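Student: Following the hints, position chain B with the ligand against chain A.
These protein sequences, in sequence, are chains A and B. Residues in the first sequence are numbered consecutively from 414, following the numbering used here. Residues in the second sequence are numbered consecutively from 834, following the numbering used here.
None of these hints come from the bench; they were simulated from the model. If you're wondering where the values come from, they're calculated on a predicted model, not measured in any experiment. Wrong hints could be hidden among the right ones.
Stated by the list, open to error - Stretches of chain B that chain A covers, calculated by requiring three or more beta carbons in the stretch to come under 8 Å of a beta carbon on chain A:
hint, segment
1, 834 to 842
2, 1002 to 1011
3, 1125 to 1135
4, 1175 to 1188
What the hints assert, rightly or not - Okay, derived cross-link-like pairs now, DSBU-like style, lysine-lysine, Cα gap no bigger than 30 Å in a straight line:
hint, chain 1, residue 1, chain 2, residue 2
5, A, Lys-725, B, Lys-942
6, B, Lys-851, A, Lys-798
7, A, Lys-541, B, Lys-1112
8, B, Lys-874, B, Lys-942
9, B, Lys-848, A, Lys-723
10, B, Lys-1048, B, Lys-859
11, B, Lys-1101, A, Lys-699
12, B, Lys-841, A, Lys-422
13, A, Lys-699, B, Lys-1149
14, A, Lys-725, B, Lys-848
15, A, Lys-638, B, Lys-1112
16, A, Lys-725, B, Lys-1112
17, A, Lys-649, B, Lys-1112
18, A, Lys-723, B, Lys-1048
19, B, Lys-1048, A, Lys-725
20, B, Lys-848, A, Lys-639
21, A, Lys-621, A, Lys-603
22, A, Lys-692, B, Lys-859
23, A, Lys-692, A, Lys-798
24, B, Lys-1037, A, Lys-692
25, B, Lys-1101, A, Lys-541
26, A, Lys-692, B, Lys-1160
27, B, Lys-1101, A, Lys-639
28, B, Lys-851, A, Lys-692
29, B, Lys-1037, A, Lys-725
30, A, Lys-422, B, Lys-1149
31, B, Lys-1112, A, Lys-798
32, A, Lys-723, B, Lys-851
33, A, Lys-679, B, Lys-851
Cβ atoms here follow ideal geometry from the backbone N, Cα and C, with glycine treated the same way.
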Amino acid sequence: MVDFTFNAKEQEIIREIRREGLVLRKYARYYDEHEEELPPDEFPEAKEFAHIDKMAADRGADATSPTAFYMCMLMHRTWGDMMRMKVPFTALGNASVTAAGTDEQKKRWAKTRLSMANTEPGCGSDSKAIETTAELDGDEWVLNGEKIFVTTGIRAEGSVIWATIDKSAGRGGIKAFVVMKGTPGFELVKKEKKMGIRSSDTAAFVLKNCRVPKENLLGMDPTVKKGGGGFKGLMKTFNLTRPGVAAMGIGNIMACQEFVAEEMAKEGVAVDYEAGQHKRSAIQQKMIELEAELEAATLCTLRAGWLADKGKPNNLEASVSKQKGGDISRRGAQLALEILGAMGSTHDQLVEKWFRDARITDIYEGTGEIQRLVIARELLNYTSKDLT
Amino acid sequence: MITFELTKEQTLIQKTAKEFASGELKDIARDCDEHDEIPKKLLDKAWEMGLANAAVPETYGGIGMQRSAMTSALICEELGYGCASLAAAIMAPSTFIQPLVDFGTEEQKKRYLPTYGQDKFAPAAAALHESHFTFDVTDMRTTARQEGGHWVLNGVKRLVPFGQTAQHFLVLAKSGDRTGLAHVGAFIVPRDAKGLTVESAPEKTMGLKPVPKAKITLDNVAVPMADRLGAGKGIDGRRLINTLRVANSALCVGLAKAVLDASVPYAKQRVAFGEPIAKRQAIAFKLSEMHSEIEAMRWLVWKAASQLDQNGDATKATTLAQHYANKNCVLIADNGVQIFGGHGYIRDLPLEMWMRNARTLTVLEGIVAA
Ligand SMILES: Cc1cc2nc3c(=O)[nH]c(=O)nc-3n(C[C@H](O)[C@H](O)[C@H](O)COP(=O)(O)OP(=O)(O)OC[C@H]3O[C@@H](n4cnc5c(N)ncnc54)[C@H](O)[C@@H]3O)c2cc1C
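One chain only, chain A, in its complex shape:
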């Protein structure tokens, strides 16, 4: 039976996550203003919240399915801040290993934090256009190229580098290579400076005749594949990462929405949900719009997670959630600031930071436009050639 409530254990977990979030908020401004510093792998208060993951593992018989609940947790975590009390030892690159690696490789890098580097100065959305090359030379692959916007690039021990072994083969020639820090020719160019999510480190790398062992090719298959190959592995990870990114943006806007509601109530502008629409002020109407849009994105994200748990295809829904998550991250933050007025943009509180943080949601992990392409192709039964 359709249900949108959490059981008691789940409510308790969410309360704990929010308690943790409030602690993180105390550090939020500092790391926003000290972008050059990396937040610690573990904040001193981490031990106080170690029980949350244990609680999440056992939520009773009437529990929300795991991926759907994971999305909820992610929303409430990000409600606190983009930072984590304890940084997970896996990153986006580990998802690539899981999707494209052999069993042996999965084991080998299970405890190694790996970033994922696909984007280059010349291409982002069109990821099959990458120009970084890999050539087999004896027992080693030789990589050459430039990678930018690599999330966790500073913190991670290595990176999954996407490169082409045969440019003429398009996506069929694209392979992923694990390159560890310290490998000669793998150089950090800089740490990017950003509008928001400054506590998340973003790196640019250059690969100059960088040699890695043959065993570092994910999937261990050096042949050019028709119609996708390793590239498909990259796409597969999107079905979980896209709703995940949506969930984070949603968490940000959840924070904005709650802040707005509380502060406006103090000023005597509370939303009366049952009042006739002619009796609502423009501000109250905006508050309702903000909340409805937020709810819409939230439910679409839960749906994508729930479908994954049911073992049903969720490619379309993953993109719907990401599209809606991207939209609300922009529109919701804009509405919050419109409602709050000038004081909302001051450093007195964190709303202006959430506004900057949330904006990334519609850009990485596939822009809003790319999500619309994916959705349209699915609806129209078009290939990526039919609709570009």
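Tutor: This is chain B with the ligand only, laid out in the frame that chain A set:
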């Protein structure tokens, strides 16, 4: 537990409603719209299947299906997909029946429900809307005063579905001086009540054209105490209005989905500048957004409906769902017309009809389904 899982019974009802909508509603929708007429046979058939009245208990001649706002929402979406006008016509009496099931005393159920548990269409309706432009359910101008052992109703009700033929009305009025949904009262009024006049000429509207609609005047209509819905206890006005709004929003989801499902094949087939228009992002992205919004609308409606079924106060969820469904239903219907270009504007195709229906449906506050 967060889950989107329907019950087996709901899946079955959903399928039945879907088949009915595609088999019986789609093809005649335009004809009905042009001639302002709905075949009696169609209404009877829908009722035979229990689409509007399955919740009437067996003791009163009904099917006795568990009353559920969620199930209603599923039916409304499917029927709305077939044709919003015909859906509204089929469901209109449910705005009388469901409140009786939800709030009626045993006495009231026994007295009024048997007429509506049959497998033949029986017209009845809630009388909600009023004459002025700033109509507000929380502050209606139709009043109910207690006087000399009666409730006395005064006011004008507009757009009452099947007003000309209904045997009973559920008149919604402001009881007492206070505003707010909690102070909405509902009164069972037979059509021959003294002081009640029904204007014989049907009201004309841009959308939901074929649904007969009437203006009703209540001039000191005396309603026995026993005929206030819920009698001495009265009703939960919030719950009643939320129920109507959720069902109305579900119709919006269905209508929007019909627009999308017509637009996709058209955009693939229609060639302009040497290519199907679907290959242009300006068109393709509209389709993507329609799809996403329809999903979102549906889940918002489900959330509100499930809260109603769990007997919680669903006011907030309902307001959000209604706001979202109304806004996007109109937007999607409007974009549907645009994707079809000039053909969208011509009455050969359903696009212009859907747009009119969307506009009318979304300003109705929920008087056509429950
Ligand atoms: C903070 C941050 C972290 C990131 N982390 C990572 C990471 O860890 N790993 C990684 O590989 N990448 C990462 N990225 C890169 C990110 O995924 C890309 O920036 C994004 O995919 C867009 O690519 P682009 O910037 O090259 O924009 P472009 O692809 O140049 O796009 C520019 C604009 O054109 C639009 N556009 C492009 N193609 C089309 C089309 N076919 N139809 C319609 N519109 C189109 C886009 O939507 C966008 O609006 C990160 C970026 C940022 C800012």
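Student: Run every hint past the structure and note whether it holds.
Tutor: Comparing the hints with the structure gives:
1. 834 to 842: holds (count 7)
2. 1002 to 1011: violated (count 0)
3. 1125 to 1135: This one holds; 8 residues, not fewer than the three required, reach chain A with a Cβ under 8 Å.
4. 1175 to 1188: violated (count 0)
5. Lys-725(A) with Lys-942(B): 44 Å, violated
6. Lys-851(B) with Lys-798(A): Cα-Cα ~34 Å, so violated.
7. Lys-541(A) with Lys-1112(B): Holds, at about 20 Å.
8. Lys-874(B) with Lys-942(B): It holds: about 27 Å lies between the C-alpha atoms, which stays within 30 Å.
9. Lys-848(B) with Lys-723(A): It holds: about 21 Å lies between the C-alpha atoms, which stays within 30 Å.
10. Lys-1048(B) with Lys-859(B): 29 Å, holds
11. Lys-1101(B) with Lys-699(A): Violated - the C-alpha atoms of Lys-699(A) and Lys-1101(B) are around 37 Å apart, more than 30 Å.
12. Lys-841(B) with Lys-422(A): 28 Å, holds
13. Lys-699(A) with Lys-1149(B): Distance of about 15 Å is within 30 Å: holds.
14. Lys-725(A) with Lys-848(B): Holds - the C-alpha atoms of Lys-848(B) and Lys-725(A) are around 20 Å apart, at most 30 Å.
15. Lys-638(A) with Lys-1112(B): 27 Å, holds
16. Lys-725(A) with Lys-1112(B): 28 Å, holds
17. Lys-649(A) with Lys-1112(B): Given pair Lys-649(A), Lys-1112(B) holds - Cα atoms ~25 Å apart, limit 30 Å.
18. Lys-723(A) with Lys-1048(B): 51 Å, violated
19. Lys-1048(B) with Lys-725(A): Status violated; Cα separation ~50 Å.
20. Lys-848(B) with Lys-639(A): 41 Å, violated
21. Lys-621(A) with Lys-603(A): 15 Å, holds
22. Lys-692(A) with Lys-859(B): 38 Å, violated
23. Lys-692(A) with Lys-798(A): 51 Å, violated
24. Lys-1037(B) with Lys-692(A): 28 Å, holds
25. Lys-1101(B) with Lys-541(A): 26 Å, holds
26. Lys-692(A) with Lys-1160(B): 18 Å, holds
27. Lys-1101(B) with Lys-639(A): Roughly 27 Å separates the two Cα atoms, so the pair holds.
28. Lys-851(B) with Lys-692(A): 38 Å, violated
29. Lys-1037(B) with Lys-725(A): 47 Å, violated
30. Lys-422(A) with Lys-1149(B): 24 Å, holds
31. Lys-1112(B) with Lys-798(A): 10 Å, holds
32. Lys-723(A) with Lys-851(B): 24 Å, holds
33. Lys-679(A) with Lys-851(B): 48 Å, violated
Of the numbered hints listed earlier, those contradicted by the structure are 2, 4, 5, 6, 11, 18, 19, 20, 22, 23, 28, 29 and 33.
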